[in-house]
Each structure stands twice: as C-alpha cells, then as structure tokens.
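Protein sequences appear in the order of chains V and Z.
The C-terminal residue of the first sequence carries number 302 in this note's numbering, and the numbering is unbroken.
The C-terminal residue of the second sequence carries number 134 in this note's numbering, and the numbering is unbroken.
Hints may contain errors.
[Stated by the list, open to error] Where chain Z lies over chain V, by a calculated footprint (3+ residues, C-beta under 8 Å):
| id | region |
| --- | --- |
| 1 | 221 to 228 |
| 2 | 237 to 249 |
[Stated by the list, open to error] Counterexamples of contact, computed for chain Z against chain V with all Cβ distances above 12 Å:
| id | residue |
| --- | --- |
| 3 | 23 |
| 4 | 35 |
| 5 | 42 |
| 6 | 44 |
| 7 | 59 |
| 8 | 60 |
| 9 | 70 |
| 10 | 78 |
| 11 | 100 |
No lab work stands behind these hints: they were computed from the structure.
Bear in mind that the values here come from a model prediction, so they are computed numbers and not experimental data.
Ideal Cβ placement from N, Cα and C applies to all residues, glycine included.
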Amino acid sequence: MRDRKFVYTGFAVVLISAILLFGFSGTLNAQESAYAKSLESVKASEALGPANYVEIDFTYDPATGCFSVGGFSCDQIQQLLGFQPLDKNALSVLSEFGDLHMQLTGTEASISRMDGTNLATINWDANSRNSVLELLGNYGVNLNKDAVSRAEEILTLSDLNLNVRASPETSETLHVALSTLILADIAKNGYLSVEGINTGLMLNPEVVRIAEMGDIKNITACWDKGSFVTKVNGNDLPTITLSEEGLEAADKALNLGLEDILPSLINTRIGTNLAISDGTHPEDVYCGGGY
Amino acid sequence: MLSLAVALLVCVFTFSVYKLVLDSPHISVLDANVTVSSGEIYDFLNRIEAEEGTLEWTTDGEVTALADGKMLFTISYDLESLGNTIDLANRMAVPESYRWLADGLIFLSTPLRLQAKAANSFFYDVVPLKLSLSVNTG
Chain V
12 MRDRKFVYTG FAVVLISAIL LFGFSGTLNA QESAYAKSLE SVKASEALGP ANYVEIDFTY
72 DPATGCFSVG GFSCDQIQQL LGFQPLDKNA LSVLSEFGDL HMQLTGTEAS ISRMDGTNLA
132 TINWDANSRN SVLELLGNYG VNLNKDAVSR AEEILTLSDL NLNVRASPET SETLHVALST
192 LILADIAKNG YLSVEGINTG LMLNPEVVRI AEMGDIKNIT ACWDKGSFVT KVNGNDLPTI
252 TLSEEGLEAA DKALNLGLED ILPSLINTRI GTNLAISDGT HPEDVYCGGG Y
Chain Z
-3 MLSLAVALLV CVFTFSVYKL VLDSPHISVL DANVTVSSGE IYDFLNRIEA EEGTLEWTTD
57 GEVTALADGK MLFTISYDLE SLGNTIDLAN RMAVPESYRW LADGLIFLST PLRLQAKAAN
117 SFFYDVVPLK LSLSVNTG
C-alpha cells in the first residue's frame, strides 16, 4: 500500500515536471526558425515603408567621347548595345554644365552640380501633375489613364538619381532597390507583356500549359539583396538565399558572363507580379515589405 | 513501476538539458564523404573551381550548399512553405484527368500522411537532425 502510494506520487511528480519543463522550454527556447531568419533581411525595410530607389552613374571621357553607364565599360556598351562614343556637339554641351546630379521624386525634380550648387528645381505632387495632364487633355493630348495611374503610383514612392561625371574611369555599378513589383502578364497564347506593354516575346506554350496544370494564377517573386522570395497564388514557397560566392559559382557554372555586375546584383532589390493566363495581380504586395 | 517512473524522469531530465542547456543542437545522423574523379558533379566542381562540395540538410528547415567551406546558397523553409511546395509539385506532376485518382490515393493514405506529418513536425520543432553529404574531386 505504501509502495503504491509512493509510485503514484512519483508518477504525478514526473508528469507535472514534464508539463512544466516542456512548456517552459517552449517559451524560453522560442528560437527563430531558419525560414523566419531568412525573411528578416527582406522585411527589414518594412518599417521604412515601400520605396523605389535607383542611382545611375554616367561617366564620359571628354577626350574620346567614350561613356560608361551603371558599371558597364565603354567597350561593353558598344558590344552589347552598339552605342558609339559621344560626338563633339554632345561633349561640348556636357562640358558646359560640368558634373551634374539629377533627382526625381514624387515631390521634386531637381538638377544640381556635384558640388551642391542647385541649377533648377521643380516642386510637384500628384495634384499638380494631374493638373498638367488635364491641361494637355484640353489640347487633345490624351494619355492612357491606366498607364498614368500606374506611373503615378510608382513615382509617388520613387527616388531616382542620375549622376553625370566627366571622367575616363568606368562608372559606379547600378544601384536599384525597387519596392514596387513590375507587373507582367503571360497570355494564354504565351505572349509576355510588361506593365501593359506587349514585348513581342512569346514563351513556349508548354510553359503556360504546365502553369495551368498546376492551377497557377499568379506568381510574385522578389529578389532582395541576395534573398529570393516567392509566392504562388498567395502561398509562400521556401526562401532561397545566395551569397556573393554563390552568385559567382552560378555565373561560372552557367557561363552567364555576369562577373562585372555581381557586386551590384547582390545589393539589388527588384521583383515581379506575374499573372498567368486569366489570373489577376494581387494588390498591396511589395518587394522587401508588405510581402 | 518505480523503475518506469525513474526512466521517465531520466528522459525528462535529459531532454530538458538538451533543450535548455545545450540549446537544441542538430543531431548528425548522416555525414557521408564521396570522392569523384569524373561525371557531372566532378565537372560542376571544376567549373566553379572548388575541390569539395557539401550539401547539408537540417530538419529544422534549412538546406545549405557549400563549396570549399564557403556558403553558396541556402534554401529555408517552414512547415507551411514546405507543404505549399509539395502541393504545387503534386498539382503540376499529375495531369488533371488523373487528379481524381491522386486525390483518392491521398485520402486513403491519410493515416500514413498523418504519421509523416507528425514525424516532420517533431524533427522540425523538437529534435532537429542534420544530414550532410560531401563530394571531393580527389
């Protein structure tokens, strides 16, 4: 009898201890999962709100007219895009202004010298831009309302910068951090349009068929400074995080020829909101926040 | 009965130490090393100029690829995103005309699925395991 009482007491102690310890350890040991940590860098900018930041550095050699943009050298630009060096007239105009910094935001458009001397500033906002569009409409210049609305949505959140410098050196790498997702649509016949503009590119119809088979209506994908975050039909997929070494390895393995822009790529934020076939674009989704 | 109580107490104590003191370290269950001298993996490692490639999977939601000890990429998931991926793969793999058959099989395998789900949750949340495979070019 005494033994049985001892055993029952022992069981009760063990059971209560187990409940307390597991519960306590669950509270104390609430480690962030690797998945949650992988989203930290993506959500870091959420507190600041969505923003579109672009900085383009343009350098030109006053002696030869050769120019470099966004980290691409003069030779690369000539090979990739076929652009020739600037002619004497263009060089003459640029040399008159000196080194310039141009900035375009939702409230201001300004041009200043790199030493800080302000040359011109236009203060504007959504209302003033709307007034200009109405005025243009009165004179028969009617712009597509959806396109205007979309441009306004992007501009309100934007901080676009262009630096123009007289220097024979290669320009700084492009800095792109876009919170607004680029809208893209793939039609049933496979044609791709971006921001409502038909690109003329046609995907393999098999791609559309596979997407339809998987009942995929929309995909939102965000590349945020090394992290690739994707949602399909609003459902999260695993996050892929690449290091700079990983990007270099991918470049070597696949022979992409991206070694010059890798430092820029690892610091870029850009994403797409893709609708497939008869799918729609989810709203209030941003790259790097509200995601 | 007394010995059972003592055994349970020891288990609770050990698990508490594992969780609270040691901070739930990954338990390595597989650590394999393979040497290759030809083939696609060998060619891939040569292209990225690495002598050793490693793939590590920890059941608390991380798959990491390393080359010569440097992290190349990491795939991070939680149970929800993993489930979404499996669901998506299932929909893409099975033609719509055979979806009814797949749905039926999934329904019939419910006990197995629940067991797999419980095991998955246990190794994700409670006792994370680690599996590692290293490939050397020799």
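Original post:
Counting residues of the region 237 to 249 of chain V that have a beta-carbon nearer than 8 Å to any beta-carbon of chain Z, does the count reach 3?
Top reply: Since 5 is at least three, the answer is holds.
Original post:
For residue 100 of chain Z, is the shortest beta carbon distance to chain V beyond 12 Å?
Top reply: At roughly 18 Å from the nearest Cβ of chain V, residue 100 of chain Z sits farther out than 12 Å, so the non-interface label holds.
**OP:** Determine whether the non-interface label on residue 60 of chain Z survives the test: each CB of chain V must be over 12 Å from its CB.
**Re:** violated, 9 Å
Original post:
Holds or violated: is the Cβ of residue 44 of chain Z farther than 12 Å from all Cβ atoms of chain V?
Top reply: Not fine: 4 Å to the nearest Cβ puts residue 44 of chain Z too close to chain V.
Subject >> Assertion that residue 70 of chain Z lies outside the chain V interface [Cβ separation over 12 Å] >> reply: Incorrect as stated: the minimum Cβ-Cβ distance to chain V is 5 Å, not above 12 Å.
Subject >> Verdict on chain Z covering the region 221 to 228 of chain V, where coverage means 3 or more residues with a C-beta closer than 8 Å >> reply: holds (count 5)
**OP:** Verify that the Cβ of residue 59 of chain Z lies farther than 12 Å from every Cβ atom of chain V, and report whether the claim holds or is violated.
**Re:** Its Cβ does come within 12 Å of chain V, the nearest being 8 Å, so this is violated.
Subject >> 12 Å Cβ clearance of residue 23 of chain Z from chain V >> reply: holds, 15 Å
Original post:
Can we trust that residue 35 of chain Z is non-interface, i.e. its beta-carbon lies farther than 12 Å from all of chain V?
Top reply: holds, 15 Å
Original post:
Beyond 12 Å from chain V, beta-carbon-wise, is residue 42 of chain Z?
Top reply: Contrary to the label, residue 42 of chain Z does not stay out of reach of chain V, its closest Cβ about 10 Å off (not over 12 Å).
Subject >> Beyond 12 Å from each Cβ of chain V, as asserted for residue 78 of chain Z >> reply: violated, 7 Å
Figure legend: structure checked against the earlier numbered hints; hints not met, in rising order: 5, 6, 7, 8, 9, 10.
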